[in-house]
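> The chain contents come next:
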Amino acid sequence: MKNLVASIAAVVVITAFFGFAYPAVMTGFASVAFSHQADGSLIVRNGEVRGSRLSAQAFTWPRYFHERPSGTSPAYNAGATTFLNYGPTDPDLAKLVASNAKAILKLEGPYNPGLTIHDIPVDAVTTSASGIDPDISPAYAALQSRRVAAVRHLPLATVQKLIKQNTDGRGLGFFGEPGVNVLALNLALDKLGGK
Amino acid sequence: MNGQGIAQILVYVVLLIALGYPLGLYMARVYSDDDFATRGRFRWLGAVERGFYRAVRVDGFKEQTWKAYGKVTLVFSSVFFLFLYGILRLQGHLFLNPDHLPAVPAHISLNTTASFITNTNWQYYGGEYTMSYLSQMAGLAVQNFVSAAVGMAVLAAVVRGVARRSRNEIGNFWRDLYRTLVYILLPLAVILGVILMSQGVVQTFHSHTTATTLQGAHQTIARGPAASQIAIKQLGTNGGGYYNSNSAVPFENPNGISNFFEVLAILLIPAGQVFMFGKMVGARRHAWMVFAAMFAVFAIGVAVNLPAEQHGSQVLRSSGVNITQGHGQNGGNFADKEVRFGIANSTIWTVATSDASNGSVNSGFDAQTAPGGAVPLVNLFLGEVIFGGVGSGLYGMFFYIVIAVFIAGLMVGRTPEWLGKKIEAREIKLAALGALFVPTMVLTMTAVAIVTKSGVASIYNHGVHGFTETLYAYDSQSNNNGSAFAGYGATSFSASLGAVAMLFGRFVPMLAALALGGSLAKKKIVPASAGTFRTDGATFVLLLVAIIALTAGLMILPALTLGPIVEGLMH
Chain X
0 MKNLVASIAA VVVITAFFGF AYPAVMTGFA SVAFSHQADG SLIVRNGEVR GSRLSAQAFT
60 WPRYFHERPS GTSPAYNAGA TTFLNYGPTD PDLAKLVASN AKAILKLEGP YNPGLTIHDI
120 PVDAVTTSAS GIDPDISPAY AALQSRRVAA VRHLPLATVQ KLIKQNTDGR GLGFFGEPGV
180 NVLALNLALD KLGGK
Chain C
0 MNGQGIAQIL VYVVLLIALG YPLGLYMARV YSDDDFATRG RFRWLGAVER GFYRAVRVDG
60 FKEQTWKAYG KVTLVFSSVF FLFLYGILRL QGHLFLNPDH LPAVPAHISL NTTASFITNT
120 NWQYYGGEYT MSYLSQMAGL AVQNFVSAAV GMAVLAAVVR GVARRSRNEI GNFWRDLYRT
180 LVYILLPLAV ILGVILMSQG VVQTFHSHTT ATTLQGAHQT IARGPAASQI AIKQLGTNGG
240 GYYNSNSAVP FENPNGISNF FEVLAILLIP AGQVFMFGKM VGARRHAWMV FAAMFAVFAI
300 GVAVNLPAEQ HGSQVLRSSG VNITQGHGQN GGNFADKEVR FGIANSTIWT VATSDASNGS
360 VNSGFDAQTA PGGAVPLVNL FLGEVIFGGV GSGLYGMFFY IVIAVFIAGL MVGRTPEWLG
420 KKIEAREIKL AALGALFVPT MVLTMTAVAI VTKSGVASIY NHGVHGFTET LYAYDSQSNN
480 NGSAFAGYGA TSFSASLGAV AMLFGRFVPM LAALALGGSL AKKKIVPASA GTFRTDGATF
540 VLLLVAIIAL TAGLMILPAL TLGPIVEGLM H
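Residue numbers (numbering that gives the first Met the number 0), protein chains in the order written: chain X, 0 to 194; chain C, 0 to 570.
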């Protein structure tokens, strides 16, 4: 009985503290110290939210760098992330990879004479774990650079320089792997003007 | 091969020990020092602690026997169970429910409540469209702290039992609970939470927002108070994600730095507890050997998973695309993986989360290669004692240590001893109960679930794969891991059976551990002699690993041959 009374009192005290006070204080601190990050690293231009630096978005136009494939529905849905969950021997995975590779060859081939499937990096044809991976490998960015430069009538060197500027290196130069942030890169391209 | 990746793994291990060791010594002080935070600058903390005991009307300094300790643990957990179940059933009538979500169905509520009370975080529901803000914040998130703290408190009591001699008491539940929550989990969660926010993990009460993409489409971006919850879900080996894709989602885990701290947090407390144990019982070398046994199994997991994933899957290798590492890409099996983590950081997470009974992921397990994906599966079947859940992992390991010294004693024909205490019939019985209960229950439940009509209704894929799904579901729930194998549905039968699995899988070994601690506390120390089996050498490490592999192997291998092994042979 004594245990019961104590337990009920403890449930109330613990819930008040860990259920309300702790998240509220953490949120209050975040809004002061890290308001941009805590709010979702949103990219705002002319008062309009254009996306988040931490989420892929759909790019299909030839003038833009394209993201990795997405398994969410619709693609790049930052409101309902999901794995694709195709097993390593799944015939559906083989079909998906083949059709993704075919599309890339068709899109990039005209700008890259002699391009074959062996030149396509694996991250370009596989879905990411979140479905909204904001990065592509530097290899996939390099593959797309000739197309973007040609469509925008820019020197290839300019595009390559922008790729470099929008590549996130390893954290502290050590943790993780380098990746090119596609949304940031495309915004930088648009800022240059041109078509 | 993957030089940079291997370097990252080595730094991980070094930092895990460098931070886990002092944390272990600190935790030993928190649990042993009656005067902790009563003097000096932190005096006010001690005053708050005494205020808590007054508020709940207990004497936090009164020592309890293992029975009294176990009883209050059960009562406390039962009250929290009813409270959480009540919130889920009544959320439709309660506040903080902006989307007007109705009550969670009874069988889902039952399963979810059991899942969070037992530190499992098995999820038979979709967070965003089932749970109100109140249910998430004041219900489920609180249990990330509390279920972890209960496991850690019980471990502290059991370790005291090992350390003490000729005593009946093993500590006070309320004090252990309070001190775990306030002196260990809260400061660690605040530090980790702030690090994560600084890197970009969201922490806001603002709702979803809609962006206009560069191509003019609309994109919904889900946000919420995530950082505070993710910090404790990693530290407390809970694992339930804020987002569906868990820690693969950039809003939960934005870059290499956040990833490193999160995966460090997964093993930090379980590793630190091994050193805490060494300090509290005054047997540091023995603790290092227990750590070595755990680390050996961990290292094997990394050594199998990393090359398999870097080598890539059959489908990707025969597709013709470039999977070779170098020239601006990480290569390997990149299906359901993220660019910023690459292969090595996905591997270390896979092994850590399945060893620690955490269950969170930063890449998709289903898409892993056959040898790579076998690692988390095998880790699950080892019974979650390789580091394991906070508290529960190490007291689970104690069962195997007792069995190991018993078998060593049989081999040389002497009464077995552990840290100077004679291991007798009662201890062996408790250790056997603790070690064998869960695998026995897994097999029984799997059998029931595949021979009854209502059990079969949960299976999506028929044939061999359906058996694997069933086995995995009850193994994951019984071992309080919570990771899921896609495709085992929630019927009222499976949800209820799963709830029973989680509750018994949690509390039977917990009570067996408390009884073992109580029994050891009563014993005297006998001086070591020439015939004593040394528990501080390499022989002990080998024996311990062998006992774990043998026990798990003998129990689960027959079932594995019916499922995953047949499946592997069919391909």
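Don't read these hints as lab results, they were simulated from the structure. From a predicted model like this one, the values you see are computed outputs, not experimental measurements. All C-beta atoms, glycine included, are put in the ideal place defined by N, C-alpha and C. A hint or two may mislead.
[Said to hold, decoys possible] Within a straight-line C-alpha distance of at most 30 Å, the following computed DSS-like cross-link-like pairs (lysine-lysine) qualify:
hint, chain 1, residue 1, chain 2, residue 2
1, X, Lys1, X, Lys101
2, C, Lys452, C, Lys523
3, X, Lys160, X, Lys190
4, X, Lys190, X, Lys105
5, X, Lys1, C, Lys70
6, C, Lys66, C, Lys452
7, C, Lys66, X, Lys1
8, X, Lys1, C, Lys421
9, C, Lys70, C, Lys452
10, X, Lys1, C, Lys61
11, C, Lys523, C, Lys428
12, X, Lys94, X, Lys1
[As the list claims (entries may be wrong)] Which bits of chain X does chain C cover? Going by a derived footprint, with three or more residues having C-beta under 8 Å, they are:
hint, region
13, 27 to 37
14, 128 to 137
15, 147 to 158
> Going straight from one Cα to the other, do C:Lys66 and C:Lys452 come out at no more than 30 Å?
Not satisfied, since the Cα-Cα distance of roughly 40 Å exceeds 30 Å.
> Run the distance test for X:Lys1 versus C:Lys421: straight-line Cα separation, threshold 30 Å.
Violated, at about 36 Å.
> Just to be careful, I want the Cα atoms of X:Lys1 and C:Lys61 compared with a cutoff of 30 Å; is the pair within it?
With Cα atoms ~14 Å apart, X:Lys1 and C:Lys61 stay inside 30 Å; holds.
> Decide if the proposed pair is consistent with the structure: X:Lys1 and C:Lys70, CA atoms, cutoff 30 Å inclusive.
11 Å, holds
> Taking beta carbons only, do three or more residues of the region 128 to 137 of chain X come closer than 8 Å to chain C?
holds (count 10)
> Is the hinted pair C:Lys66 and X:Lys1 satisfied, with a Cα-Cα distance of at most 30 Å?
Answer holds: C:Lys66 to X:Lys1 is near 15 Å, not above 30 Å.
> With a cut-off of 30 Å on the C-alpha distance, tell me whether C:Lys452 and C:Lys523 pass.
54 Å, violated
> Keeping to a limit of 30 Å between CA atoms, is the pair of C:Lys523 and C:Lys428 held or broken?
20 Å, holds
> Verify this for me: three or more residues of the region 147 to 158 of chain X with a beta carbon less than 8 Å from a beta carbon of chain C.
With 0 residues closer than 8 Å to chain C, the region 147 to 158 of chain X misses the three-residue bar; violated.
> With a cut-off of 8 Å between beta carbons, are at least three residues of the region 27 to 37 of chain X near chain C?
holds (count 7)
> Between X:Lys160 and X:Lys190, does the CA-CA distance stay at or below 30 Å?
14 Å, holds
> Hey, C:Lys70 versus C:Lys452, does the alpha-carbon distance stay inside 30 Å?
37 Å, violated
The structure fails hints 1, 2, 6, 8, 9, 12, 15 (numbered hints given earlier, in ascending order).
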